[in-house]
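Participant: From first to last, the protein sequence lines stand for chains Z and G.
In terms of my numbering, the first sequence is residues 1 to 473.
In terms of my numbering, the second sequence is residues 1001 to 1473.
Honestly, the hints are just simulated from the structure, not real lab data.
Hints should not be assumed to be uniformly reliable.
[As the list claims (entries may be wrong)] What follows is a set of in silico ranges between Cβ atoms, one per label pair, in the way DEER data are often shown: (1) Lys1282(G) x Glu102(Z): 57 to 65 Å; (2) Ser142(Z) x Phe1309(G): 43 to 51 Å; (3) Asp437(Z) x Ser1050(G): 43 to 51 Å; (4) Ser322(Z) x Phe1309(G): 35 to 43 Å; (5) Arg441(Z) x Pro1296(G): 49 to 57 Å; (6) Thr1299(G) x Phe309(Z): 28 to 36 Å; (7) Glu1360(G) x Ala128(Z): 25 to 33 Å; (8) Ser303(Z) x Lys1282(G): 44 to 52 Å; (9) Thr1420(G) x Ala242(Z): 42 to 50 Å.
Predicted model only: the values in this text are computed from it and were never measured.
Beta carbons: idealized from backbone N, C-alpha and C, even for Gly.
Protein chains: 2
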Amino acid sequence: MVLNPVTGAFLDGLRATLPETCFRPIAPRYLSEPRGFYAGQAGCLLLPSSAGEVALILRHCNAARVGVVPYGGGTGLVGGQVMPKGAPAPVVLSLERLDSIEKPDLQDNTLVVGAGAILADVQAVAAAAARLFPLSLASEGSCRIGGNLASNAGGVQVLRYGNARALCLGLEAVLPEGRIWQGLKRLRKDNTGYDLRDLLIGSEGTLGVITRAVLRLFPQPEQHLTAFLQIRDPRAAIDLLARCQARFGGLVSAFELIDRTGFEFLQETLPSLRRPFAAPGKWMVLLEIGAGTDFPAQTVLESVLEAAFDAGLMHDAVIAQSEAQREAFWAVRERIPEANRLIGAISSHDISVPLGQLPEMIRKGAGVVARFGDLRVNCFGHVGDGNLHYNVYPPKGAHRADFSHLRDDIKRAIHDLVDTLGGSFSAEHGIGRLKRDDLSRYGDPAKLAAMRAIKTALDPNGIMNPGVIFAPS
Amino acid sequence: MVLNPVTGAFLDGLRATLPETCFRPIAPRYLSEPRGFYAGQAGCLLLPSSAGEVALILRHCNAARVGVVPYGGGTGLVGGQVMPKGAPAPVVLSLERLDSIEKPDLQDNTLVVGAGAILADVQAVAAAAARLFPLSLASEGSCRIGGNLASNAGGVQVLRYGNARALCLGLEAVLPEGRIWQGLKRLRKDNTGYDLRDLLIGSEGTLGVITRAVLRLFPQPEQHLTAFLQIRDPRAAIDLLARCQARFGGLVSAFELIDRTGFEFLQETLPSLRRPFAAPGKWMVLLEIGAGTDFPAQTVLESVLEAAFDAGLMHDAVIAQSEAQREAFWAVRERIPEANRLIGAISSHDISVPLGQLPEMIRKGAGVVARFGDLRVNCFGHVGDGNLHYNVYPPKGAHRADFSHLRDDIKRAIHDLVDTLGGSFSAEHGIGRLKRDDLSRYGDPAKLAAMRAIKTALDPNGIMNPGVIFAPS
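Using the sequences provided together with the hints, build the complete structure.
Facilitator: Listed below in structure tokens is the structure:
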């Protein structure tokens, strides 16, 4: 399928059918992505305000064989939101004007939002109605729901509430040939045909454009119990998580593993940030329980921790005694990615492994990295999900540019290890343009063939986000 | 696509590649289904013992253009498991020999099972390892995991744990052209391409054959609190559920609405069954909380019920004081379907509506049914999921055969109502052969077109469960 670039005649045709408000000169932010791996290009920027306008655009692009790059908050980490130079100039389709957030339905515990709604705004609308929308991640102040769904975003509360896929009941979406799927159902059970919703979620804009969604809300836990622990080693983290889950049922909402290297990076780059331990050990856990006030959560947690202390699983713990202290604990976790960026990774990996393999991953990963020299590893993540952000850095004082020739080999070695452990080379971030080669290398051939068949069936002209997931043809 | 019947030459070809143990004369049970709507036919019965053998069979069927009907426990309620006479005689492919259940992985909380494993056996293996596999439904003694996944089964604990789709982490499956997808991942987060797992789950054997699955396990709640309530009306049930969820967090595992008609049917057909109320009111709720022993569950429940009593939401409650009493409560709920069968419905409906619309559904539904005469409605179901089994019966003493001419019109009228309320005409049971016409009538046209495109892409010869979901071509 050879695509055409946006031309004057193409734009004239669009102007004849779309309101003038859909057109805006393209600004640099639409052509860049957070890690600076890709510089984008575009033939035009379109900002539709309804599914009907999106449908008009896709029909027009289909007729002209022009590529479409859907654009949400621009925070994706795999280059799914930019079309690199070299390909025919595409339409960049920003969903930012589709930013409505309806009134929460408190009986259904649902909330209907436009794809352009910013995640933090959605959280705030839910909170104002005494409800929780649990999707929570570092970029929540600027990422948009459409992008969260297109990439099946994860974050810190997946352990209890699931990923973006589990938080969405229904979708309105425009399919590649311009048909609108009215799938804004708010049902907990609906077995009427193939699961198109879950197919579009996580398809990274290659199978259509999500325009609205019905999201699930939850009761706000009346109390939060947040603790920072110093633990023996990663295996102790798994044991401790199991103990917490057994005593707290499904009420453990976060269980984050943090490496001392993370603390050192914070000290180095953000020295004014308060840290819970003066002399941190090698491994820490930040855990949070959300419960009703009837639950004697602090007493139970103290008893779990006492038993864990006696069993040698941990040697120190601080339980937040105020909301301010809770926020300070979370600030440590949430600013580690910023510290990481300031240090500058040689190679970053967003991996998951079966929970029981997590200690093995950390142990063997250290061996793999050591083969490349005296490098530093900062590995932190969501223990309950088996998800580690496993990042490799130059020695202290050195600059990553001097090690960039190692990036591909390090990445390959880490991903090979993950693969032998039955894991995933992309737990949260998706494939985009960055991990296409990993997908062909590690993906199951039968699944890849089925994916290609589905892509061709739904997008026969290949206009949707060309070059994402599949190599451009 | 015109399919061919199984012939002697076709069978000779199969015998040359498959072990003799895969062949067995077909018994009547493979050709019937629980409601007796369809009488099946088959060209042969095959019982493969591995994904490799399934792949051989599908390749052979593809080459000869012979249809394949996958067969699990045979308990499906929409005729998905039988090929009615008139069509070319198909292969019936029973997964019963693929019934392995591995040792539970207690760190991952996962369990790998073959598609032929019986649900109750899976539950038992989990329980023996002090874990819970929460899928629970009336036919659990004979339904098989492959069928549960193919139909995305629901049941009584969806409220807390989700449906079959939410309980499965990975699949091994044979795609229609005979490729084996090795997707037995046991990962909580894995964003590497399209969600083929959730597409196959719920596709009712039309997109391939599931051969193995990785299931999620949960900690066993240390205590169960089970109560039978007499409530004011269906709206009170919704209010009460919200109060329970606010106080118990995510620990409410079942919340079943029961109509007095259900009690009357039990009295009529199974008079020896113990019932919790001598003089039941019109509406009852059976609720269950599963919690750790640290949670003062009984005290909290008593306080919730006291407040609900004061608010006029309910007027009587019995909390089970022993495991025997808990089982007796559940026996009432679980034997209602049996009583229903003994009475004999004119028309049964497995519907869901948005939670807030449930009272409206019940109120307007009564009006719809009254138009057809003095009929009885037994409506019971899973309040938290907005899912009602809404069944219509002849007047006491009359026989359903005398009313069968009304079936189609009643069904249409009820489904029309459900549709105007934003609901689903098949919450749990799927489409099969029984609800194909409903799907074309109520389904979204863009979704239907996408489904057809996916079906053609993955099964170009249309051999997989022909006539299920889509009309035979």
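Participant: Looking back at the numbered hints, which does the structure fail to meet, lowest number first?
Facilitator: 1, 3
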